[in-house]
Amino acid sequence: MEVERRKLGRVPAPWEQPKTGEELRAKQIRAREMLRGDLTDEELEAYVERSVFTTTLEKGLNWARANSIFPATFGLACCAIEMMSMVTARADLARFGAEALRASPRQADLLILSGRVSIKMAPVVRRLYDQMLEPKWVIAMGACSSSGGMFANYAVVQGADKFMPVDIHVPGCPPRPEAVLHGFNKLQRMIQGQPDLGWRQRYNASGTEEWARLEPGTPSPEAIEAAARAVEPTPAAEEATDA
Amino acid sequence: MPDAPGLELIAQEINDSHPGAVTETALEHGRATLVVNPGKVTDVLRWLRDTEEQRYTFMSSLHAADYLPATPRFAVHYELISRERMERLNVKALVADPAAGNGAGGELPEIDSCVELYPTADFQEREAYDMFGIRFRGHPDLRRILMPEDYEGWPQRRDFPVGGEEVLFTHNEIDTPRWFE
Amino acid sequence: MAGDALRDEQYDRLLTERGMRAEVEDPMAALVRAGAEIEQGPPDVEGDLEPEQELMTINMGPHHPATHGVLRLIVTLRGEQVLDLKPVVGYVHTGIEKNCETKSYWKVIPYVERMDYLAYFFNMEAFCGCVERLLEIEIPERAKYLRVIHMELNRLHSHLVWLGTSCIDLGAISMFWYCFRERDAVLDLFEMSSGQRMHTRYFQVGGVAEDIPVGFERKLREFIELMPSRLDQYEALLDRNEIFLRRTKDVGIVSRERLLELGVTGPLLRAAGEPWDLRKADSYLAYGDFDFKIPVGTVGDNYDRYRVRLAEMRESVRIIEQALDGLPTGPWIADERKVVLPPREELATSMEALIHHFKLVTEGFRVPPGELYYSIEGPRGELGCFVVADGSAKPARVHVRDPSFANLQAFRDMAVGGYVADLITSLAMLDPILGGIDR
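Protein chains in written order, with this note's numbering: chain Y, 1 to 243; chain Z, 1 to 181; chain V, 1 to 439.
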């Protein structure tokens with residue numbers, strides 16, 4: 001077997017291209033002409049394109065919101081300890097802009113439900129959530145706040161979903177700090193308008209969510225098709241195997 | 001823990017001063033148990049705490065257990081330690097359920113509180129009341145400690161359902177009611 | 001310590017040589033001399049209540065940065081002074097004990113683990129030890145030593161988290177980062193031996209679930225070489241820090257007799273002067289083989305509690321070192337086929353092993369009827385487990401005597417009569433873990 005080694009060709013990014021002396025001089029002249037107001041139309045447009053980027057206000061706001069989230073210091077049980085270690089140096093939450101953990105819900109954006117929500121605590125959590133100002137998000141950290149976890153009993157609310165909206169669920173018992181950071185990054189992408197829908201996005205399988213069924217008890221047409229395709233092999237595959 | 005003859009001696013001495021208090025002794029797995037009449041439990045505990053040779057002054061734990069379907073149904077365990085001699089003794093008071101056969105609701109089993117003897121029993125008796133419904137006569141502040149104040153039912157009794165809800169698998173996905181329904 | 005005296009001398013000499021020795025007067029003395037009427041310490045609680053002074057009842061928690069979990073405190077204040085205090089717990093009550101009655105004994109171990117969530121190895125040991133005594137099986141020496149190593153590492157971990165979070169309450173936020181750096185080192189060791197950082201479910205009825213991996217001993221030795229210098233650094237930061245001393249010295253004193261009455265155990269009791277430690281008094285596992293001391297305080301104030309826990313951390317390092325030096329070879333789990341899974345090699349050759357494996361995994365082992373209370377020394381005090389077995393594969397009652405539950409009863413005595421800031425300090429030094437209190 002022959003191994004051929006080749007460097008992959010790639011267009012270098014603008015900042016990777018070598019800067020020649022003439023380029024820098026040209027930049028200087030252009031900047032001087034810009035200040036004097038001497039640039040012509042095309043040159044002016046090129047200049048603006050190179051140095052200014054435009055965006056919508058919403059995108060800008062969302063970018064700011066995503067990169068400066070103030071989490072609330074809200075620890076319920078064991079996951080709180082892992083949340084604390086997420087804030088500390090090894091898995092650092094501060095590098096994503098969320099260094100300032102606020103104790104007061106009025107000043108916080110993000111409620112990380114770290115721990116089991118017992119029935120005595122549920123109204124308190126709901127009240128805290130209500131006291132937060134919009135925009136606000138919730139990460140259900142760990143199995144207990146996502147779905148009741150291992151505690152399927154009278155005392156634990158089976159998932160914080162039951163009484164408050166939750167944006168991101170992070171599985172684990174307790175989830176590693178890196179896992180919560182992954183959830184945090186997903187939240188950031190969600191805030192910026194590019195939600196990462198996971199496998200449904202990769203395999204183009206929207207319509208398979210629980211609530212996307214037509215009526216309770218009936219699968220949606222896409223789900224029926226998908227099930228049918230899974231059970232019977234497609235004609236193309238059959239032909240391939242025959243041939 | 002006192003050995004078998006020592007335990008018998010203790011039971012004998014208690015029965016001498018408070019007749020009918022100790023009904024049984026047991027020594028298993030290295031643990032000495034005195035089974036006492038629930039009406040005399042404070043007398044027994046006071047004797048154990050104050051008598052010179054015994055001095056079981058430290059109460060390690062007070063907990064209740066439900067032995068349904070055995071009768072008497074409830075038992076309150078008092079784990080005592082004599083710190084000078086490093087001996088443990090367990091006092092077990094079997095409390096019958098007065099509401100047996102009446103279904104849910106009805107009278108609560110009662111036993112005397114030992115908070116004056118061992119102040120550590122404060123929170124622990126409240127927990128036994130909260131979880132099993134055993135009323136401790138003479139407790140200064142007997143109310144629920146772990147469950148919400150207005151909760152109805154005694155969760156850790158054997159006939160109380162565990163609760164929770166069915167886990168959602170693919171085989172019962174269609175039938176299980178979901179949160180958005 | 002000797003090093004301190006040397007440093008003091010050198011410092012003094014340096015100051016005198018350089019003429020930097022200024023007479024720094026105690027600011028309080030200066031004020032008093034100036035004629036200010038200063039009450040030393042909080043006012044007398046039994047003083048008459050003037051009619052224009054109102055009592056204010058405020059609610060701290062359950063969501064509060066300083067309550068160390070979801071503890072609700074209903075505090076009655078006169079100005080800044082605490083007159084009465086009522087703790088309300090139950091906000092993280094998880095019904096663990098009820099759930100345990102529906103699971104086989106193996107499955108109970110992860111449940112019980114999550115009660116006192118900083119002392120998970122201790123929870124496991126209390127339960128597994130109780131079940132082993134009910135089954136009357138002996139665990140091998142290697143398993144005992146491994147259990148001791150992991151438990152002392154967990155004690156270190158618990159005290160590090162305690163120190164970090166307490167110092168946040170007092171404002172010394174740097175300590176938080178340092179303590180959690182060491183805590184991550186401990187969690188790396190746990191991850192090596194069991195695969196999980198917290199709630200490792202490493203202890204099994206009969207021993208430990210798996211032997212420690214190859215690099216564990218080396219990494220543990222590196223850690224225990226590193227740890228004493230780190231503890232020195234913590235002490236250098238806090239021990240004679242004026243703010244820390246002012247906030248913790250002579251604050252929150254409860255007498256030894258009162259603590260004993262209230263059933264308080266652990267570092268709180270030892271700080272008050274009572275040398276009560278179940279590792280020495282009622283030795284279990286392999287603690288009898290090791291040479292370690294019990295740190296005991298004198299006054300019983302918050303400063304003593306801090307010092308006792310720091311000293312306990314040092315003793316834990318010593319115990320781990322001795323355990324590691326004397327770690328015996330051999331099996332890490334008992335040989336009872338009815339209770340412990342057979343080694344995997346046997347499954348291919350022995351039919352009985354296969355049947356035992358099958359029965360153990362599906363139904364679980366049965367425990368003959370009986371009941372037992374077994375207690376160990378956790379990082380917060382006496383952690384006991386009461387198991388009632390009825391002959392089936394599921395326990396009939398599991399109750400855990402949690403140390404924080406009894407310790408919380410002493411909190412009222414610690415905080416009443418002091419200021420609110422002292423309440424916060426006392427709560428920090430009390431080290432309550434609400435998971436254990438509420439179960």
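These aren't lab readings, by the way, just hints derived from the structure by calculation. All figures in this text were calculated on a predicted structure; none of them were measured in a lab. There could be a bad hint or two in this list.
What follows is a list of derived Cβ distance ranges for each label pair [stated by the list, open to error]:
hint, chain 1, residue 1, chain 2, residue 2, range
1, V, Leu354, Y, Ala89, 33 to 43 Å
2, V, Asp84, Y, Phe163, 53 to 63 Å
3, V, Leu354, Y, Gly193, 49 to 59 Å
Calculated cross-link-like contacts (lysine-lysine; reagent style DSBU-like; alpha-carbon spacing at most 35 Å) [as the list claims (entries may be wrong)]:
hint, chain 1, residue 1, chain 2, residue 2
4, Z, Lys40, V, Lys249
5, Z, Lys92, V, Lys249
6, Y, Lys136, Y, Lys59
7, Z, Lys92, V, Lys103
8, V, Lys107, V, Lys338
9, V, Lys394, Z, Lys92
10, V, Lys338, V, Lys86
11, V, Lys107, Z, Lys40
12, V, Lys86, Y, Lys162
13, V, Lys107, Z, Lys92
14, V, Lys107, Y, Lys162
We treat Cβ as the ideally placed atom computed from N, Cα and C, and that holds for glycine.
Hint check results:
no., hint, in the structure
1, V:Leu354 to Y:Ala89: 33 to 43 Å, "violated (49 Å)"
2, V:Asp84 to Y:Phe163: 53 to 63 Å, "violated (33 Å)"
3, V:Leu354 to Y:Gly193: 49 to 59 Å, "holds (57 Å)"
4, Z:Lys40 to V:Lys249, "violated (45 Å)"
5, Z:Lys92 to V:Lys249, "violated (42 Å)"
6, Y:Lys136 to Y:Lys59, "holds (17 Å)"
7, Z:Lys92 to V:Lys103, "holds (26 Å)"
8, V:Lys107 to V:Lys338, "holds (16 Å)"
9, V:Lys394 to Z:Lys92, "holds (22 Å)"
10, V:Lys338 to V:Lys86, "violated (49 Å)"
11, V:Lys107 to Z:Lys40, "violated (39 Å)"
12, V:Lys86 to Y:Lys162, "holds (31 Å)"
13, V:Lys107 to Z:Lys92, "holds (28 Å)"
14, V:Lys107 to Y:Lys162, "holds (27 Å)"
Hints 1, 2, 4, 5, 10, 11 from the list above are not met by this structure, while the remaining hints are.
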